[in-house]
Every structure is written in structure tokens, then in C-alpha cells.
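Visitor: With chain A held as given, fit chain B onto it using these hints.
Which chain is which? The protein sequence lines are A and B, in order.
Each step along the first sequence adds one to the number in our numbering, with nothing skipped, and position 273 is 273.
Each step along the second sequence adds one to the number in our numbering, with nothing skipped, and position 350 is 350.
There may be inaccurate statements among the hints.
Repeated chains share a single entry, so a pair holds when one copy, or any two copies, can fit it.
Computed cross-link-like contacts, DSS-like style, restricted to lysine-lysine with a CA-CA straight-line distance of at most 27 Å [as the list claims (entries may be wrong)]:
{"#": "1", "residue 1": "LYS179", "residue 2": "LYS82"}
{"#": "2", "residue 1": "LYS179", "residue 2": "LYS252"}
{"#": "3", "residue 1": "LYS2", "residue 2": "LYS25"}
{"#": "4", "residue 1": "LYS355", "residue 2": "LYS249"}
{"#": "5", "residue 1": "LYS236", "residue 2": "LYS128"}
Derived by calculation from the structure, the hints in this document are not laboratory data.
Remember, it's a predicted structure, so these values are computed and weren't measured experimentally.
Spelled out, the chains give:
Number of protein chains: 2
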Amino acid sequence: MKNILVGQSGGPTAVLNASLYGVIKGFIALKKSIPRIYGMVNGVEGFLNGQVVDLEREFSDEMSLEKLKTTPGAYLGSCRFKLPDELDDSTFSILFHKFEALDIRYFLYIGGNDSMDTVSKLSLYASKINSPVRIIGIPKTIDNDLILTDHTPGFGSAAKYVATTVREIGIDSSIYNTKSVTIVEIMGRHAGWLTAASVLSRQYPGDNPLLIYLPEATFDVEDFLTRIEQAFLQSKNLMVCISEGIRDKDGKFICEYDNHVGTDSFGHKMLAGSGKYLENLIRDRFRIKVRSVELNVTQRCSSTLQSLTDVNEAVWAGTFGVNKAVAGETGMMVALKRVSNEPYTLTYETVDVNKVCNREKTVPLSWIADNGTDLSEECIAYLKPLIQGNTVVPLEDGLPVYAYRKNMSE
Amino acid sequence: MKNILVGQSGGPTAVLNASLYGVIKGFIALKKSIPRIYGMVNGVEGFLNGQVVDLEREFSDEMSLEKLKTTPGAYLGSCRFKLPDELDDSTFSILFHKFEALDIRYFLYIGGNDSMDTVSKLSLYASKINSPVRIIGIPKTIDNDLILTDHTPGFGSAAKYVATTVREIGIDSSIYNTKSVTIVEIMGRHAGWLTAASVLSRQYPGDNPLLIYLPEATFDVEDFLTRIEQAFLQSKNLMVCISEGIRDKDGKFICEYDNHVGTDSFGHKMLAGSGKYLENLIRDRFRIKVRSVELNVTQRCSSTLQSLTDVNEAVWAGTFGVNKAVAGETGMMVALKRVSNEPYTLTYETVDVNKVCNREKTVPLSWIADNGTDLSEECIAYLKPLIQGNTVVPLEDGLPVYAYRKNMSE
Chain A
1 MKNILVGQSG GPTAVLNASL YGVIKGFIAL KKSIPRIYGM VNGVEGFLNG
51 QVVDLEREFS DEMSLEKLKT TPGAYLGSCR FKLPDELDDS TFSILFHKFE
101 ALDIRYFLYI GGNDSMDTVS KLSLYASKIN SPVRIIGIPK TIDNDLILTD
151 HTPGFGSAAK YVATTVREIG IDSSIYNTKS VTIVEIMGRH AGWLTAASVL
201 SRQYPGDNPL LIYLPEATFD VEDFLTRIEQ AFLQSKNLMV CISEGIRDKD
251 GKFICEYDNH VGTDSFGHKM LAGSGKYLEN LIRDRFRIKV RSVELNVTQR
301 CSSTLQSLTD VNEAVWAGTF GVNKAVAGET GMMVALKRVS NEPYTLTYET
351 VDVNKVCNRE KTVPLSWIAD NGTDLSEECI AYLKPLIQGN TVVPLEDGLP
401 VYAYRKNMSE
Chain B
1 MKNILVGQSG GPTAVLNASL YGVIKGFIAL KKSIPRIYGM VNGVEGFLNG
51 QVVDLEREFS DEMSLEKLKT TPGAYLGSCR FKLPDELDDS TFSILFHKFE
101 ALDIRYFLYI GGNDSMDTVS KLSLYASKIN SPVRIIGIPK TIDNDLILTD
151 HTPGFGSAAK YVATTVREIG IDSSIYNTKS VTIVEIMGRH AGWLTAASVL
201 SRQYPGDNPL LIYLPEATFD VEDFLTRIEQ AFLQSKNLMV CISEGIRDKD
251 GKFICEYDNH VGTDSFGHKM LAGSGKYLEN LIRDRFRIKV RSVELNVTQR
301 CSSTLQSLTD VNEAVWAGTF GVNKAVAGET GMMVALKRVS NEPYTLTYET
351 VDVNKVCNRE KTVPLSWIAD NGTDLSEECI AYLKPLIQGN TVVPLEDGLP
401 VYAYRKNMSE
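Extracted from the complex, chain A is given alone in its bound form (with noise of 0.2 Å):
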């Protein structure tokens, strides 16, 4: 049992195939040794249907492998898949056969917090069974909110995405001579990190965003109403951030607040967004203009706004996976872990995946400030060198493009 098996799982990210990348970079350059790789279809749930390929065949040119490097989503397709929690549940015992007719002996799962879950849970299978097939976790969630790990591959292109872009809202939000307030609301439940990326987009003091809301701080709907009225002596066009989880004092959801908007024409409860309800209310309370945008899913699959950095450190994740499975380690997660902010260093390691999982990563409260609305600037110090430099991505006719498989949804 010699060969490498590779999944990805959980929400996309703008480098989950530099992670891939790095896998199969990893592969190739301990070739002599592992005759192959595969890679897993639609994760854990796919590999279970049968659903695998021969990676080495699928980039057997070199220019559609240096394409995945670049490429947003999850080229094998993902899942959301948990493992049972009792490992005599059979499930297991059909993986590892699995993994035997395909001589497999290591297998790299790139994913956020539910896939570290599979990858302990494997772990500890493997190791009751007596099996010799080495498991490794390479990290990847934008949400940043992974523990013993200084960030997460993923994160870093997506603050840059909500960075720059926060940056162009607020450009093209105070063009007009009158008093308007435009509300951007960024991903993140409970961890505020991406939403916290967006005090990099700041030209000068005093620019917009005026207010940033996390959801590790409580929000109180009448300081924010009157931070409002005394920002517009300074000012008139304002922009406020904030995460999409953002809470008052009762821990309630601030979206929960406007649950009572009805019913559409099909009987179904209309939810709105946090943005939605705070634009309602400041409309209604000043009688100004006020626009919310919820910045969509390019957020977390935009390829022109990578970051070099975090491209880099996803490809080197996985190589570096593949490296440790190799020298014998199981059970564990890839970690970066920064040495210095100036100039920023970094090394990785590995951590145990059980400490990983199922816990969560906030973004810390002496970091907030302002009562809540600003980030400090420790913070800022941290998420700076994450964002750094631009990616080439290839382009054809005036677009980016991408690796792709075909036979994807088949």
C-alpha cells in the first residue's frame, strides 16, 4: 500500500485547488516512491459512491495543472459529510476497504472544521484497526476559524476580496452631494474575521468604513443609530460594515430582529439580512438615503483578487501535508504559525487534528475597538501581510481560465 488519496470538503475558497496543487506537486516530487495519486470525487460522500479519479492522468499536461493553481472552487467537487461518531458504525470499515483496492497509504483531506472531524475520526479508526494508511488535515475555510493554526489558507484571498471591494463600494457610494449611508454585509456567523479585513480598506484617517460590527462584540442598535446622526456632522456619505452574525446583549441575531416582514406570494417566511434590517431602521429613523449590499459568493471564489501570499502558503500546505504523511504522521492537521509581522515570517507544522476540531477561533476581543465599532491596530498589523501581492491568472479572451472537469455534475 503505497499510493496518496486526496479530497476536498466544506464551502469553496479561491485556493482550494493551490492546496490540490500542492498535493500533487508533493506527489511528484516523491514519484520514484508512490506509483499514484488519487483523488477523491465530491469528498468523503463521493469516495463512498465510488467516485474517484487518477490524478496523475486528469494533469497529465502540465499547463492545465499550472491552471488549477489559480482556479477558484473545489476542481474534485466537495461535500458536506460528517462521519458517524461510533467508529464500529460500518461506514468506516467500507472506507478503509476502499482504501485497500486502491492500495492507499495516505490520504490528505483539505477542509475546514467539519473535515478535520472526518479526519480525526479516520484517525482514530486507523489506529484501532491497526492500519497502516496515514491521515493529514491541510487547512482551508475563509472564515478563518481554525485554532492552533496562526490563519487559514483561503482567508488571506478573501479579506483582499473584501478589502478591495469595501474600498470600490465606498468610492462609488459618495458621488453625490447628499446625505447617504451604505451598509455592506460580509460573511461570518460567529467569527468576524473577514469582516474585520475590511478596516484595511481605509485610505486616510477619518475614511469610510465609519463602522465596523463584529460578531464578537455586542451591538446596541441606538448607539449605532446615534454614532449615525454624529458621524453626518463630519460627513455626508457614511459606510458601515458589518458581519452577517452580528448580535445584541441577549446574544439574539440582529436578522432575527425582522422575522415578521411576512410571507411571499408562496407562503414562505421572508428572512431579511442584518444589512436589510439596519437599512430599514436608519431610513426610518433619518429619512436619508440608504442602500445595503450583501457582497455575494464572490467573496470566498474570486480568482482576480487571490492573494500571492495565500495562494502560496495553500500550495505549500499541501506539499508540505504530503511530506509529513510520508514521514510517518497521522492524526494531524498542517499549521502555520507566523514568526514576525515585519518582515513576515512563517513556518508550519503540525498540530493535533482532536484539538482542532469542532472548536472555534474568534477573533479576540482586545482587538475591537471603539466600543465595539473600530479594529485595533495589532489587528490590522496581523491581516496586513495575508493579503499581499496579486496572482497571474491565465486569461483567454479577455477572461480568466480555469481548470476544469467536464463530467463535474455527471
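Guide: Same frame as chain A, now just chain B:
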């Protein structure tokens, strides 16, 4: 009277400032004979309130002028202001007195349909009072709906944004092995040009977006649902692009069908967009995963996805406008005339602004294919040259640096 005055008006685009840059460049080339160049702040409306800046002083260092070229939005600020219909209204004499006070001989107004109405009225008034002030319009709109010009500066960049982003959303929405529909709603109430650009997103025959609907063709709800059902026989993850202004056979906006969704907690009527309406419709009918994404304001103000072709054309439209005004033309709009598609060749001319304003150019019905669900090869050939080339936006700390007036909103 020898000076130049320039203003920006209407909604922002990615290259509205590129045209301002072009006007300034035109001035610099003629500096021997033209002493000054002034900028209206917030268009004609701000100018009436005395808001004007000396643009030579504003851009005294060349670096900041170069930054202007790739800065989205409206550097000078904009307005939505319609001049009175009666030429004997005092507004006109006030404006021309202000022109006189600044020794203005040439007035360049960069904008869309409404701004061309301003150019038309001012030039008619100038003729009426025998004023030597020459007035030229520089076209600008992401909607591409001005007549007598092949296309409008601003459209190419917005089209490139739409084509790129739709391709990315298509990747994002196809990673799971479960049936799903993703609806992308694109700007365009009456003209479907921008939505048509999503046809460029396809990487291979059969790729998403599966269906594309413009306001120019009738939208039939039952036909739409039948097509969705049939498409699921081929593929699991479907994407549909729609203009915000799609209409049924009676001319009723699809979004109007959902105006009974209720009121929010402040008593405001909640209006769902066309995308939201179709999302609910599909979920109700097929009980599958559906998401609707409204491309936000970044579709009109992203510098990251500027088309180099568009930027260059916007710059030259500005410079060409200055040259034509100095050559004695007035009451004209700069127009782009396509000579050939391959190689893409363009010339510039001026057209009578009175024939342009208050009219609207929509997508020819002959370019709409497959019963109103796709675009023809002819349309693709028209669109392709407009999105070619990427700009290099100056970066600082990993983010684009933009020209700005700190006191913009004071």
C-alpha cells in the same frame, strides 16, 4: 474667454475618471492656447452652487493624474439634475454668467442619457443668446443604451466584470453533487446589454449560464420552469442569468409579481427582486436548493476588472471631445464607430446630441436566440472586443490605490 470646464454626471462607472483624465490630457496638449481647466464639483448642480476646482492645481503632480486613470467612480462628484425645459428659465442665464466669470469657452460634460439632455439644452441656449461657449458631451454609461454610438465607455468594464464574476459564481455553485439552481440578477432595467455579457462566461459548450434572459424578450414563467426541469436531465448545477428588468408578455416586470410579500417591522413595503421571485418559484416547484445572487454595485465600479480597451477608449473620448470643441463644434456628442471586429478597429466621430438624448438603444431582437433564452454568435462577436485587456492598477499594501478628494463630501 478661453478656458475649459469639465463635469461628471449620472451613475458611476469604472472609466468615468478615465474620460476626465482624457479631457485633462487634451488640455495639457493645448496648454499654450488655453490658460486653465476647471472641474465642476457634483456636476451642473454643484456648479450652480459655486463648487468648482482648478484641475491643474488639483493634479499638479503627475503621479496623482496617473492614479486618476484607473480610479473608479466620479472623482469630481456627480449629480442627478435635469435642466428646466424652458430655455427662458433663469437657471440658464445664471449658468452662462458663471461660465463668463470663469472665462469658460469649452464645456465638456461626461455622462449618460440625462447628461446629454443637459448638453443639448445648454447648446441650444448658447445658440439662442449667441454665446461662443462650445458644449460637447462625452458618453458614459454601463447600460450601453445610447444611440448613434457603437457602444459607450463604461460598458466594456462592466461587461468584463459580469462575464468574469458569473464564471466564478458558476464554479462556486457547482461543487456539490446535489441538484441546485443559481440565479444571478444583473443591472439593466430596460436594456439587457450587461446581462447579455454573461454569455461570455461559458468555457465550453453546455457550460453555465444555461439560460440568459433580457428585458427585450418576453419572459414566460412556465416555459422557464419547463426548461429548468429538462436541463436537470443533463446536468446537476444550473445557473440562470437575468436582467433586473425582465418582463412578461403583458409588459409587467417579473419583480412586480412579488409585491405582496408584506411589510417590514417599520411598515415599509418589502419588494423582492426578480431573482428572489424566481428563487422562491423554483424552490416551491422542485423542492431543490436554489440561491439568487444580486450582483452588487461593484459591477459598475470595479477597477480590478477594468477592460483595458474600455479605459483606452474612455481616455480618447475625453481628449477627442476637447479637440472637437476647440475646433469649433458644439451641441455634439463624441461617438464610437466600429470599423471592423477582426481586427477590432474603432474610429471616433461626433454626432448631434439632440438626436441622442432621451432615446434608448436596446439589444436587437435578432441577437436574442433560443426563444429568448440565449444570445447569438453575432452578439458574442460584438461583445468580445470590448472586454479585452487588463489594466495595471497601482497597488499599495496589497490594495488598489485610488485618486480621491478628501473634502469630497464636505
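Visitor: Against each hint, give a clear statement of whether it holds in the structure.
Guide: So, going through the hints one by one against the coordinates:
For the homomeric pair LYS179 and LYS82, the shortest alpha-carbon distance between copies (20 Å) is at most 27 Å, but the shortest distance inside one copy (49 Å) is not. In this homomeric assembly, LYS179 and LYS252 never come within 27 Å of each other (Cα to Cα): the closest approach is 30 Å inside a single copy and 33 Å across copies. Proximity of LYS2 and LYS25 under a CA criterion of 27 Å is satisfied intra-copy only: 17 Å inside one chain copy versus 66 Å between copies. In this assembly of identical chains, LYS355 and LYS249 lie within 27 Å of each other by CA distance neither inside one copy nor across copies; the values are 30 Å within and 60 Å between.
For the identical chains of this complex, LYS236 and LYS128 are neighbours neither inside a copy (65 Å) nor across copies (38 Å), given an alpha-carbon limit of 27 Å.
Checked against the numbered hints listed earlier, the structure breaks hints 2, 4 and 5; every other hint is satisfied.
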